[in-house]
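Colleague: Single-letter residue listing:
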Amino acid sequence: MLKLENISLKIDGNSLFSKLNLEVKAGQVTTVMGPSGCGKSTLLRMIAGLESVDTGTIEFADRTLDNLPSHERKLGILFQDDLLFPHLSVGENLAFALPAKIKHQERRDQIEQALEEIELSGMYERDPASLSGGQRARVALMRTLLAQPEALLLDEPFSKLDQELRGRFRKQVFAYAVKNQLPTLLVTHDPADAKAAGGDILSL
Amino acid sequence: MATTIRTVSLLPAFPILTQLLLLLPIAAGLLGVLLPSLGYLPDLGGNQFHFEIFNQLLEHPALPHAVWLTLFSGIIATVLSLSFAILLAAMLSRESLTGNNKNKMASLFTIIRRGLIPLIAVPHAAMALGLAFLVAPSGWIVRWLSYLFMGWETPPEWVTVQDPFGLSLILGLVLKETPYLLLMILAALPQIRAHEYIRIGQSLGYGYFLSWLKLVLPQVYPLIRLPVFAVLAFSLSVVDVALILGPTTPPTLSVLILRWIDDPDLLFRFLASAGAVLLLLLTLGSLIFWRFSEWLIFQKFRNWLSNGKRGNVNGVHNIAALSGSLLLGTAFLSLLSLAFWSLSLRWPYPLVLPQRWSSRNWERHWSSLQETAFTTLEVGVITGIIALFLVVGCLENEQWRSVRFSLRSQWMLYLPLLIPQATFLLGIQILAVRMEMDGTFLLLVWSHLLFVLPYIFLTLADPWRNLDTRFPKIGQCLGASPLRILFRIKLPLLLKPLLVAAAIGFAVSVAQYLPTLFAGGGRFATLTTEAVSYATGADRRVIGVYGFLQAMFPWIALLLALAIPRWRFRNRAALL
Chain L
1 MLKLENISLK
11 IDGNSLFSKL
21 NLEVKAGQVT
31 TVMGPSGCGK
41 STLLRMIAGL
51 ESVDTGTIEF
61 ADRTLDNLPS
71 HERKLGILFQ
81 DDLLFPHLSV
91 GENLAFALPA
101 KIKHQERRDQ
111 IEQALEEIEL
121 SGMYERDPAS
131 LSGGQRARVA
141 LMRTLLAQPE
151 ALLLDEPFSK
161 LDQELRGRFR
171 KQVFAYAVKN
181 QLPTLLVTHD
191 PADAKAAGGD
201 ILSL
Chain X
1 MATTIRTVSL
11 LPAFPILTQL
21 LLLLPIAAGL
31 LGVLLPSLGY
41 LPDLGGNQFH
51 FEIFNQLLEH
61 PALPHAVWLT
71 LFSGIIATVL
81 SLSFAILLAA
91 MLSRESLTGN
101 NKNKMASLFT
111 IIRRGLIPLI
121 AVPHAAMALG
131 LAFLVAPSGW
141 IVRWLSYLFM
151 GWETPPEWVT
161 VQDPFGLSLI
171 LGLVLKETPY
181 LLLMILAALP
191 QIRAHEYIRI
201 GQSLGYGYFL
211 SWLKLVLPQV
221 YPLIRLPVFA
231 VLAFSLSVVD
241 VALILGPTTP
251 PTLSVLILRW
261 IDDPDLLFRF
271 LASAGAVLLL
281 LLTLGSLIFW
291 RFSEWLIFQK
301 FRNWLSNGKR
311 GNVNGVHNIA
321 ALSGSLLLGT
331 AFLSLLSLAF
341 WSLSLRWPYP
351 LVLPQRWSSR
361 NWERHWSSLQ
371 ETAFTTLEVG
381 VITGIIALFL
391 VVGCLENEQW
401 RSVRFSLRSQ
411 WMLYLPLLIP
421 QATFLLGIQI
431 LAVRMEMDGT
441 FLLLVWSHLL
451 FVLPYIFLTL
461 ADPWRNLDTR
471 FPKIGQCLGA
481 SPLRILFRIK
491 LPLLLKPLLV
501 AAAIGFAVSV
511 AQYLPTLFAG
521 GGRFATLTTE
531 AVSYATGADR
541 RVIGVYGFLQ
551 AMFPWIALLL
561 ALAIPRWRFR
571 NRAALL
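From first to last, the protein sequence lines stand for chains L and X. When we follow my numbering, the leftmost residue of the first sequence carries the number 1, and every step to the right adds one. When we follow my numbering, the leftmost residue of the second sequence carries the number 1, and every step to the right adds one.
To be clear, the hints were calculated from the coordinates, so they are not data collected in a lab. Every residue, glycine too, gets a C-beta built ideally from N, C-alpha and C.
Computed footprint of chain L on chain X, listed as stretches where at least three residues anywhere in the stretch have a Cβ under 8 Å from a Cβ of chain L: (1) 475 to 481; (2) 488 to 498; (3) 565 to 572.
Only chain L is shown next, with the shape it has when bound in the complex (with noise of 0.2 Å):
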């Protein structure tokens, strides 16, 4: 369960949210709703541990994270646009991800079966710019998914896909927080996303 105790939110000197409350339980998709500009993105980044929290604090499965470093939190994070890194293979992206325990022969197996999983097999060497956008919305998706997370945290992931294409992309999302019992933070300006998340709504 990923829980947040009064945080408050200051940008030169205005208060864009004060003594915020809010509790995701595993498997549940929240969605945190607002016009842009009301510091939403923020308070995922501030959850994610790139942005430092200026009052409250943020537990997650009963442990603060208040003092963590962003890359020992495991909260895997979607941002609007894939950023796969353009120097690595699509394949090497998803290396990238995979805890560097899993060795070998094991690795590139897990791999292989992550890009079948995401209808991408056999295209391991392939250079992320030339896949659709499509595609690589499903590459960014199981990287975050590769790094093992205990929750997801998504800004707006859906926001640059096409009307067809976002509706397939959510529901995979979504089906992956169930499945694997991951409590899951929507931040979206869309009602049709919070819609189809089901979960809570809160509105800054």
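Based on the hints, put chain X in the right spot on chain L.
Modeller: Leaving out everything else, chain X in the frame of chain L:
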């Protein structure tokens, strides 16, 4: 977690170490000339402080003329370089704005841009040697004139190279400094969103060049002030170019200092130190004078900026095209004449091409060439690696600890470029002799680092800061430690700017003359020191060999820096 804290908390050491490495030798060097100039140098029996040496210096018969020459050549060279750079930048940025302009003028400007910018990598000495071949009374230009029109049987009795007014020295400096300032201006233009201002100016009825002068120049100048200062300080105190092209009786002050140091009578070192202090004062005085003139010119033209006079300045692009082509042509022919001489067996006056071609010059000097080339490579590569390590550490520190780059640190980077080399390097040499460190490889690399590090930092800083920060962030969220992010994400993504910065650092190292001579204690021969030492008197074919190889070295580095990322990322469309 412990490892993260450790790696990130080590980062502040980088800027501190870098500052120490830059400031320590400069401070020591200044002290090292100041004390002897006031009579204190125990090794040579000077135990008392007095002003006697400065009296000697001021009464020296060569001094007034040397000072006049130094100021004249330095200031005129800077004024000309800056004017050409502004003129060319205005025209070159125009071509990049309109883009699809396919007329003749546009393609000429494209050639000028593509030709001039790479000249930055050519060492000053090589350019000066080539220029000497070109403009000498028996040089290439005269030979062509003679062949085409004049039919001179013997070379005319003009003094062109090492002329008493330092005109060829000025031309040599302008050839090198114009491309540098041009690149600095072109790089600064996007920061001030120059083309938007020009569009506004044009929509208000101002011509293109007038919009540039009234709207862009006042904004861009403050951004290139430090590079202009560096050019001024360099031109006032340059040694290698002045040895090759400058007047000899008397020479400029920095060459005079060098002569006094080389004097077998060691007591001349006192005089040299006083001369070095005077050179420092002249440089500082000129910088202050320049700053004051800037202010005065701005006051004077303040009214002109908003007086509403529109229209256009006619013919500017013709002047720009002419001056750009002349500069580029001179530089290109200079380098070509080095190549031709290096490959000629016999090339008597007035032939325009060698009578017999041969690779014999190269073969005869092959073994000593190999040795000097290796030393050059060794110093350049080691210095470059150290500088890259420090610069990457400083930039990482900036990002992880969100430290902003301050104006103070920028001045510090420029400090080694603003203080005359002849001044603090002489001081370093005097101290090094005392500490028995002179002629060590360590001191040689350290002295090169003073000039290599600032250029590497200035080249790498912008691409590093402009890297999409979400890439490292997503790496963090995928569980990668700061070190892993550095090696697996940032360094590969920044491979091209890293290699280009390294190549520029290498080029700077290859070009160093005085540091190699002073800090190396004469024990290390690089392509530059060899080329300059052959310049006085030796066979033109030998000069051609050393000069041409010296000019080629930075080019090869730059080509590699561009080719390696292309090859490495040949299957990565987003990075090509």
